[in-house]
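Asker: Letter by letter, the chains look like this.
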Amino acid sequence: MSDRWTIATLGAAMAAGRISPLEITRELLTRVGRLDGRVHSFITLDEERALQAARARTEELAGGRRPGPLHGIPLAYKDLCRIPGLPTSCGTRTRDYFVTDVECTAVRRLREAGAVTLGSLNMSELALGPFGDNAHHGDVDNPRRPGHCAGGSSSGSAAAVAAGFALGAVGSDTGGSIRLPAACCGVVGLKPTYGYVSRAGAMPLSWSLDHLGPLAGTVGDVALLLEAIAGHDPRDGTSSRRPAPRANAIESGAAGLRVGVPENYFVDGLAPEVEAGLAEAIRVVERVAAGVKTIRVPDPTTIVDASQVLVACESATIHARVLRERPHELQPVVRGRLEVGLHISAHDYLQAARLRAGAARAFIQEVFAEVDLLVAPTIPEPALAWAVAKAGSADDVIQRMRRFSRLTRPFNGLGLPALSLPCGTSPDGRPLALQIVGRPFDEVSVLRLGRACERETGWTESGPPIV
Amino acid sequence: MDATERQRAAAVADLAAVIERASADLALAEEPSGFVLALEMGAPPPASR
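Protein sequence lines, in the order shown, are assigned to chains A and B. Everything in the first sequence is counted per my numbering, starting at 12 for the first residue and increasing by one. Everything in the second sequence is counted per my numbering, starting at 197 for the first residue and increasing by one.
None of these hints come from the bench; they were simulated from the model. Being a predicted model, the structure only gives us computed values, none of them experimental. A portion of the hints provided could be inaccurate.
As the list claims (entries may be wrong) - Simulated DEER-style distance windows between Cβ atoms: (1) A/P438 <-> B/D210: 36 to 42 angstroms; (2) A/R29 <-> B/D210: 46 to 52 angstroms; (3) B/P242 <-> A/Q376: 16 to 22 angstroms.
Said to hold, decoys possible - Heads up, incomplete: computed chain B residues facing chain A, CB under 10 angstroms, no partners named: (4) M197; (5) R204; (6) A212; (7) I215; (8) S219; (9) G238; (10) A239.
In this text, a Cβ means the ideal position worked out from N, Cα and C, and glycines have one as well.
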């Protein structure tokens with residue numbers, strides 16, 4: 012792209028007639044064709060239908076229609092979202108792994124808001140894996156730092172935004188799968204409150220822990236996407252009846268918000284460059300918020316352990332057929348992780364679900380009596396080089412995966428909204444990221460702080476060279 | 197039992213032990229649906245959002 016568009020600036024340029032949906036769609040498709048052979052962010056590029064939709068959006072604008080903020084905006088979706096007319100491989104080698112008549116509600120809402128679908132995005136196989144490797148569709152390379160992992164499991168979603176292939180994307184997050192790739196690739200990603208964004212029409216991995224959410228280049232753009240996709244959906248039994256948050260509600264600054272920095276768990280075992288980045292980020296938060304204090308949070312180890320039991324049992328149940336009939340088709344690490352769930356007792360599964368309820372209640376009551384938001388790093392170390400991420404036995408890799416996602420997994424178990432926001436780079440140019448966590452359904456406060464930080468710093472405006 | 201199976205059995209046993217210890221003090225009335233209630237009860241009032 013000649014310009015580094017955001018959804019907001021591109022929408023304004025389209026409304027002013029400076030560029031059309033067709034022109035930007037053509038430009039992005041050309042860019043993908045030129046560069047995605049190195050990144051591997053797309054599984055299916057739907058050029059023909061994208062151009063058809065862009066042409067229709069362009070004609071609507073020419074006809075004098077006053078568009079919403081997403082009209083004509085090119086987006087792409089993780090390949091576990093059901094998009095009519097496209098295969099849904101879920102990162103497996105089976106072209107049509109996830110078959111359903113139900114269009115993904117998040118995709119449908121964005122399409123109805125005028126967005127142009129570019130295609131489906133690469134991901135870790137069955138959404139199991141925090142690095143973004145995929146033996147079937149290619150490892151997703153980090154556009155900010157070639158030769159390093161893009162993060163997963165929504166690897167293509169983050170990489171496509173970072174590479175300037177799409178203005179935004181939808182990913183899923185069961186243990187950090189939106190926030191980890193957002194952090195690795197230097198883009199913004201939000202895991203909303205459990206139940207705020209419908210999962211209908213998206214492949215489940217764990218119905219207790221799955222969340223869908225947006226990724227984009229700025230906090231403001233993430234808020235625009237969230238406004239479109241959040242809110243009640245009768246097709247998802249866990250869907251909350253709360254209305255979607257208004258994107259313009261995040262523009263009021265962060266003054267008045269009390270922020271806590273955990274002194275335990277979330278600061279243990281951090282790489283030195285992450286520690287330094289966190290300290291700098293906290294100084295920024297101190298400038299824009301009402302106050303920052305160090306607090307001791309309830310140890311999330313129990314909720315993480317309970318979540319591990321839930322996801323193991325549920326994922327093995329959901330994917331029992333491939334495990335039984337075609338286990339050889341799965342990557343060894345993915346197969347190994349799924350098979351654990353076949354050996355956990357119903358008693359332990361139910362105790363884990365009961366534990367989660369009490370742990371969530373205690374965490375919410377204790378933490379949010381003292382502060383409005385928590386901040387912590389998203390990743391304990393910057394994006395790993397591929398040779399490091401994949402080294403050793405399957406068991407070594409699984410242990411490495413657990414360490415890499417240890418800061419994000421608590422908030423899937425707790426169901427709380429969590430934003431990953433770029434906050435500079437390590438000395439060798441790998442993105443660093445801050446996680447902002449709020450009360451249930453208080454995405455507005457989370458995004459207000461993120462927006463205030465991005466305005467104060469330009470964290471989301473610049474970055475190292477992209478691809 | 198090969199090395200992979202032994203590792204898996206050990207991982208499952210570890211998880212079971214952790215869950216058993218952690219759930220020892222659960223109230224009799226605690227049930228999984230308490231999680232969704234915790235989110236709804238923990239949300240700020242609509243006016244402040």
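Asker: The structure should be examined with respect to each hint, and the outcome stated for every one.
Answerer: Quick rundown of the hints versus the structure:
no., hint, verdict
1, A/P438 <-> B/D210: 36 to 42 angstroms, "holds, 38 angstroms"
2, A/R29 <-> B/D210: 46 to 52 angstroms, "violated, 60 angstroms"
3, B/P242 <-> A/Q376: 16 to 22 angstroms, "holds, 20 angstroms"
4, M197, "violated, 12 angstroms"
5, R204, "holds, 6 angstroms"
6, A212, "holds, 5 angstroms"
7, I215, "holds, 5 angstroms"
8, S219, "holds, 4 angstroms"
9, G238, "holds, 4 angstroms"
10, A239, "holds, 4 angstroms"
This entry does not satisfy hints 2 and 4, going by the numbered hints stated previously.
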